[in-house]
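**Q** Residue-level listing of the chains:
Number of protein chains: 2
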Amino acid sequence: MQMQLLQDRIRKDGQIKEGNILKVDSFLNHQIDVSLLQEIGKELKRQFEGKEITKILTIEASGIAIACIAAQYFGCPVIFAKKTKTLNIAGEVYTAKVESFTHQTTNDIIVSKSFLHAEDKVLIIDDFLANGKAIFGLSELVRQAGAELVGAGVVIEKGFQEGGKRLREMGIDLHSLAIVESMDPATGSITFRKED
Amino acid sequence: MQMQLLQDRIRKDGQIKEGNILKVDSFLNHQIDVSLLQEIGKELKRQFEGKEITKILTIEASGIAIACIAAQYFGCPVIFAKKTKTLNIAGEVYTAKVESFTHQTTNDIIVSKSFLHAEDKVLIIDDFLANGKAIFGLSELVRQAGAELVGAGVVIEKGFQEGGKRLREMGIDLHSLAIVESMDPATGSITFRKED
Numbered sequence: 001m002q003m004q005l006l007q008d009r010i011r012k013d014g015q016i017k018e019g020n021i022l023k024v025d026s027f028l029n030h031q032i033d034v035s036l037l038q039e040i041g042k043e044l045k046r047q048f049e050g051k052e053i054t055k056i057l058t059i060e061a062s063g064i065a066i067a068c069i070a071a072q073y074f075g076c077p078v079i080f081a082k083k084t085k086t087l088n089i090a091g092e093v094y095t096a097k098v099e100s101f102t103h104q105t106t107n108d109i110i111v112s113k114s115f116l117h118a119e120d121k122v123l124i125i126d127d128f129l130a131n132g133k134a135i136f137g138l139s140e141l142v143r144q145a146g147a148e149l150v151g152a153g154v155v156i157e158k159g160f161q162e163g164g165k166r167l168r169e170m171g172i173d174l175h176s177l178a179i180v181e182s183m184d185p186a187t188g189s190i191t192f193r194k195e196d
Numbered sequence: 001m002q003m004q005l006l007q008d009r010i011r012k013d014g015q016i017k018e019g020n021i022l023k024v025d026s027f028l029n030h031q032i033d034v035s036l037l038q039e040i041g042k043e044l045k046r047q048f049e050g051k052e053i054t055k056i057l058t059i060e061a062s063g064i065a066i067a068c069i070a071a072q073y074f075g076c077p078v079i080f081a082k083k084t085k086t087l088n089i090a091g092e093v094y095t096a097k098v099e100s101f102t103h104q105t106t107n108d109i110i111v112s113k114s115f116l117h118a119e120d121k122v123l124i125i126d127d128f129l130a131n132g133k134a135i136f137g138l139s140e141l142v143r144q145a146g147a148e149l150v151g152a153g154v155v156i157e158k159g160f161q162e163g164g165k166r167l168r169e170m171g172i173d174l175h176s177l178a179i180v181e182s183m184d185p186a187t188g189s190i191t192f193r194k195e196d
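Heads up: the protein sequence lines correspond to chains A and B, in order. In terms of the numbering used here, the first sequence is residues 1 to 196. In terms of the numbering used here, the second sequence is residues 1 to 196.
Just so you know, these hints were derived from the structure itself, not from any lab. Any given hint might turn out to be false.
Partial chain A-side listing against chain B, Cβ under 8 Å, derived [stated by the list, open to error]:
| id | residue |
| --- | --- |
| 1 | 13 |
| 2 | 16 |
| 3 | 21 |
| 4 | 22 |
| 5 | 25 |
| 6 | 26 |
| 7 | 61 |
| 8 | 68 |
| 9 | 78 |
| 10 | 79 |
| 11 | 80 |
| 12 | 119 |
| 13 | 192 |
Just so we're clear, the structure is a prediction, and the values are computed from it rather than from any experiment. Cβ coordinates follow ideal geometry from the N, Cα and C atoms, glycine included.
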C-alpha cells in the first residue's frame with residue numbers, strides 16, 4: 001500500500017530531471033527529514049505487521065538512514081552492505097555484484113558472514129527501486145547466508161522500470177510506499193500508480 | 001563527558017587490530033545496534049543542551065546512522081556530505097578535501113549549497129575521530145556556507161592521535177563519548193581517558 005504523506009512530499013519537493021531522474025535530495029538522500037523517515041518507518045512496520053524480522057538489511061549510503069530509523073519500530077539491528085571495488089577474501093564475506101542505474105557503475109557489495117546467519121529472518125529496506133539490481137544483490141546475500149528473506153520495503157519505486165515487476169515475479173514480498181508510474185521533466189508532473 | 005554504556009560496549013565487542021585499528025563493526029558501522037544509537041543520541045543531546053542547532057552535518061557512510069538517530073532528539077534535519085572523486089561544478093556545492101586514515105585515500109567531500117545556509121547553526125556528528133581530517137573538512141563546508149559551527153559530537157575518539165587536540169585548539173566545542181587513550185592488540189586491553 002502506498003503512503004499519501006510521502007506522495008505529497010514527492011510532488012512538493014521532488015525534482016524531475018531528464019533521463020528519468022527523480023531528485024529527492026532535499027528530504028531523502030542528501031538532506032534528510034528525520035520526521036518523515038519516522039512516518040516511513042512506522043508505515044513499513046504496519047505493512048509487515050505480524051512478520052518476525054530479526055535483521056534489517058540495506059546498502060550504503062542512502063539506505064542507511066531509512067533502515068536505521070525504521071529499525072526502531074521493528075526492534076532489530078541493521079546491517080548495511082558495503083560497496084567495494086576491491087576483491088575480498090573469500091570465506092569472510094557474502095558478496096554479490098550490483099549495477100547502479102544512477103552512477104552507471106558496477107560494485108561488489110559485501111556483508112560480513114559474522115552478521116548474517118541461517119536463522120535470520122531478513123527485511124531488505126532501500127530508498128529507490130528502479131531496475132531492481134540493488135535489492136536483487138541484497139537478496140543474493142540473504143540466500144548465501146541461508147537466511148529467510150521476509151520481504152523488501154522500498155520508499156520510492158520507479159514503476160515504469162522493470163525492477164518491481166521482476167522482484168514480485170521472483171516471489172519477493174515487495175512493499176513500495178510510492179510507485180511512480182510516469183513523470184514529465186517538461187511540466188514537472190508526476191503520476192503515481194493507482195491501487196486496486 | 002564520556003559515556004559508560006558505550007565504553008562497556010567497546011570493551012565487550014570492540015576488536016583491536018594491529019595498526020591502531022579498533023573494529024566496532026558488530027554494533028556501530030556495519031551491523032548497527034539501533035538501541036545503542038538511541039542512547040548515544042540522547043547523550044549528545046544532553047551534552048549540547050541549551051544550544052540552538054538547526055542542522056546536523058555528517059559524512060557518508062557510517063556517520064549517517066548516528067546522525068539520523070541523534071537528529072530525532074535535536075528535532076532538526078541531517079545533511080550528509082558525499083564523498084566523490086569527480087570534479088564538481090563550481091558554484092553548486094561546497095567542497096573540501098579529506099584524507100581517510102582507514103582507507104589511505106583522499107576524497108573530495110561535497111554538500112549542495114541548497115541545504116547549508118548562513119543562518120544555520122550546525123552540529124557535526126561522526127562515528128570516529130582519529131587524525132581529525134573528516135571533521136576538519138566538514139567544518140570547512142560550514143565555514144564556506146557562512147554558517148555557525150556550534151560544535152562536534154563524536155562517538156569514539158582515538159585520543160592517542162592528534163585530531164582531537166587539534167580540533168580543540170581550533171576552538172571547536174568537541175564532545176567525544178569515548179576517548180581511547182591506548183589499546184593493545186596483543187592482550188585486547190583498552191584504556192579510556194580519565195576525566196577531571
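**Q** A separate judgement is required for each hint: does it hold in the structure or not?
**A** Now the hints, each set against the structure:
1. Hint status for residue 13 of chain A relative to chain B: violated, with the closest Cβ pair at about 11 Å, above 8 Å.
2. Here the hint on residue 16 of chain A is broken, as its CB sits about 16 Å from the closest CB of chain B, past 8 Å.
3. Checking residue 21 of chain A against chain B: minimum C-beta separation of about 15 Å lies over 8 Å; hint violated.
4. Checking residue 22 of chain A against chain B: minimum C-beta separation of about 16 Å lies over 8 Å; hint violated.
5. Restraint check, residue 25 of chain A versus chain B: the minimum CB separation of about 7 Å is within 8 Å; hint holds.
6. Among the interface hints, the one on residue 26 of chain A holds; its C-beta lies about 7 Å from the nearest C-beta in chain B, closer than the 8 Å criterion.
7. Hint on residue 61 of chain A holds. Least Cβ distance to chain B is approximately 4 Å, under the 8 Å limit.
8. Contact between residue 68 of chain A and chain B, as hinted, is supported at the beta carbon level, the nearest pair being about 5 Å apart and thus within 8 Å.
9. With its C-beta approaching chain B no nearer than about 4 Å, residue 78 of chain A sits inside the 8 Å limit, and its interface hint holds.
10. Using the Cβ-Cβ criterion of 8 Å, the hint placing residue 79 of chain A at the interface with chain B is satisfied: the shortest such distance is roughly 5 Å.
11. Restraint check, residue 80 of chain A versus chain B: the minimum CB separation of about 7 Å is within 8 Å; hint holds.
12. With 8 Å as the threshold, the beta carbon of residue 119 of chain A stays out of range of chain B, its nearest partner Cβ sitting at about 15 Å, so the hint is violated.
13. Of the supplied interface hints, the one on residue 192 of chain A is violated, with its beta-carbon coming no nearer than about 24 Å to a beta-carbon of chain B, more than 8 Å.
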